[in-house]
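So the chains spell out like this:
2 protein chains.
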Amino acid sequence: MAGEKKQVERITSMKEDFAQWYTDVVTKAELIDYSSVKGLTVMRPYGFAIWENIQSQLDRRFKQTGHQNVQMPLLIPESLLQKEKDHVEGFAPEVAWVTMGGEEKLPERLCVRPTSETLFCEHWQHVLQSWRDLPMLYNQWCSVVRWEKTTRPFLRGREFLWQEGHTLHATAEEAKEETLRMLEIYADVAENCMAMPVIRGRKTDKEKFAGAEATYTVECMMHDGKALQGGTSHYFGDGFAKAFDICFTDKDNKLRAPFQTSWGLSTRTIGGIIMTHGDDNGLVLPPVIAPVQVVVIPIATHKAGVAEAAMSLCGALTDAGLRAKVDLSDQSPGWKFAQNEMKGIPLRAEIGPKDIAENRCVLVRRDNGEKISVSLDDVCRAATGMLTTIQGDMYKRAYDHLHSNIRTASTFEEAVAIAKNEIGFIKTMWCGDLECELKMKEVAGVSSRCMPFDQEHISDNCPVCGREAKCSIIWGFAY
Amino acid sequence: MAGEKKQVERITSMKEDFAQWYTDVVTKAELIDYSSVKGLTVMRPYGFAIWENIQSQLDRRFKQTGHQNVQMPLLIPESLLQKEKDHVEGFAPEVAWVTMGGEEKLPERLCVRPTSETLFCEHWQHVLQSWRDLPMLYNQWCSVVRWEKTTRPFLRGREFLWQEGHTLHATAEEAKEETLRMLEIYADVAENCMAMPVIRGRKTDKEKFAGAEATYTVECMMHDGKALQGGTSHYFGDGFAKAFDICFTDKDNKLRAPFQTSWGLSTRTIGGIIMTHGDDNGLVLPPVIAPVQVVVIPIATHKAGVAEAAMSLCGALTDAGLRAKVDLSDQSPGWKFAQNEMKGIPLRAEIGPKDIAENRCVLVRRDNGEKISVSLDDVCRAATGMLTTIQGDMYKRAYDHLHSNIRTASTFEEAVAIAKNEIGFIKTMWCGDLECELKMKEVAGVSSRCMPFDQEHISDNCPVCGREAKCSIIWGFAY
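Chains as they are written, first to last, in this note's numbering: chain A, 1 to 479; chain B, 480 to 958.
Simulated from the structure, these hints should not be mistaken for lab results. These numbers were taken from a predicted model, which means no experiment stands behind them. All clues stand as given, with none of them false.
Which residues of chain A face chain B? A few of them, derived with a C-beta cut under 10 Å, are:
1. D33
2. S36
3. F48
4. Q71
5. P73
6. L75
7. E94
8. V95
9. E104
10. V112
11. H126
12. Y138
13. W141
14. E159
15. T267
In this text, a Cβ means the ideal position worked out from N, Cα and C, and glycines have one as well.
Make the full structure from the sequences, and use the hints.
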């Protein structure tokens, strides 16, 4: 028992069972533990450290663009949730209700926030007075609760962590600009930090946020060709403001309703990272958001000077600004290799007696297995360079996967035939009618992902109804 | 309306009504807004920015001492909360219960976490295997809910933000060391960041945390002489581990129960900062945790070059590593002075046409009103030095207030007489019996704050019962 070394954990291969592979990675890489309540999970240190890195990338960009963090209450009175009609219809069926406080039944039941538009509106109604107070650019880091029937770690939880930005503007134009500015920040973080290429676009009315005038999205593609929504940004017009009686005195002394946006990105994106970059050996993390960028593994630790050399190498890498750690545990190097591969650490540095004698170490890339031997005098520069290369290569591979798996269909039959293979996205024209969207779902099984900003002309007509097409649209199976 | 300038807001003086003064500061300094649910508040950008600064000071120290952040579920099944007898007795009467998920009644009701010991224990029971996994040093940033009857912003909310550290160790000694190590981090952050001197000590059994073997505290004194608990650290022994069936295989191959700690510090400390440093002009913030350290106020902005000079000064201060902002709003300088005093900004820089002509500006200290004129060539060095002086002076004033308001009593009558004046702490000896503690509460109205680490010999006997004293103890009225 105590003397027994841990066994290398095996995971299901992606080909054999993609869903089981995903679950295996999530648990064996020590990202998540299940709690006794379905859909509520524990984010373990390694999983949470990934989220902290995503947080810091986003938070920095939010602050650079003038946003301030706030904290709204956890609970929303039922009457407040009901103030905006579309919003309550969208969320009420899936909220958790607090009905008792201590031993007493509450006079009005309170829902655990599924999203906080109503709370921000209540607050703004209190504090907004004049045009001088605008814009109000707020963000909140928190968890929200949605009582889903089916749940999967990161992808669909009854509770998940996210940020929700909420802003208020004097004019519709400013609010619309904000909506797109924040979508661009999501695209930037997805592409440049998570190495996940995205398709920017607008959601159909069917798929938009409950209560929004327009919802924009960045859509990603997973290894299995399915879509994952990376982040969404909503323009509300002045609908909520009017429902919540929010107004301000404008420069011309008239009372006006302000215009509103909200935008959110959640821990779902960690599920996206796993399914964009992972392989049959486990997680593969992009260096920018990896909690540990380089793991130093000493070979033959019992030999004099090896542990010291490993620690010294780790210290040098840390001093060079890299997130490095050394694995001095009493497990075998083979176990350590496998375990650190499972955790997706981008770069492994091996150092043993022979390396030390030659003043060298071996660097091994997690993403493609490439090995090089470098002088210890040059290792920091080499490791830093390799991490940049890894980040770029990971993005490029994901980009190629995405773009080689978007298929264009001019007819309904073509679209249905592509969907039968259940691989990738389908691009068609669309007339803009809900009926055609529903028919695609019913017959082909795919939902609309977005009307991409990057519009193109495929044919003149909607392939479903044959009427004149208004735009091109992307369809897919989705998480 | 639109053309109308804002009026300087007046607040109640501390002498007139301390409680009202506190409420005025909390709202007029824009820290808090009330929601429609009693005890649930909005932390506005300025209030939350203070918390972010406290968070970053603590989080850095937690990580330096090897702790990792995690995220546990928000909800605890009733059966899980009940596993540790003392713990459930302490918390069950004041929790909020979720009983419905969507339209359906839940099979078991779930409480919104009032604290997360039970969740950490459930997780550890899943993942702990061998001595190699120990210690587990975890921390969580989150909000918790306790359904209090009386509520006050920051001081007592039905929801509040905090961090809760939870650790597991192979031996009792290690766990005890951890408990005191974390208490020392709280003392460090209170004294060196919040400029709040503390008394370190141990809580009596009556005042300790539900389920703990020992609770340690750092106690602060407010302007009105009342006590506020700055942070607490608990040693649990192996009680929870046994209740939750957590064990590990030790080096000698035997199964053992691990030893546990938890420790927490909350947004209550912001209430403490307000009541330690505030004055009749509003908030006074210690520079280390002030969201804005220097506010630059241009005088006569309509004159050519003034706004530019103010912005350039602000840029120079920012480049020098200070948190500076410039107030270019169209309010009068007088309004700006008052508003930035209300917000407790440590240093004000005034710059007008005459200053510009002389290449100077005026720096004004928030804490004592001291004004100096400095050359713009030297302003960054001067401001940085003044902020350090302010931080030190604020600590010293609070230290003097604390130590000049601790009164020693050798007899019960003396203690009761001091308590009648309702000012400051009372130090006596104590026999250790609950009965004497209850009698002090009943007759003198004070509760035990702690048995200070810094023990002294006042007399041989307990002033309440006359029996042999075991230790010295500090009493006070408390928030």
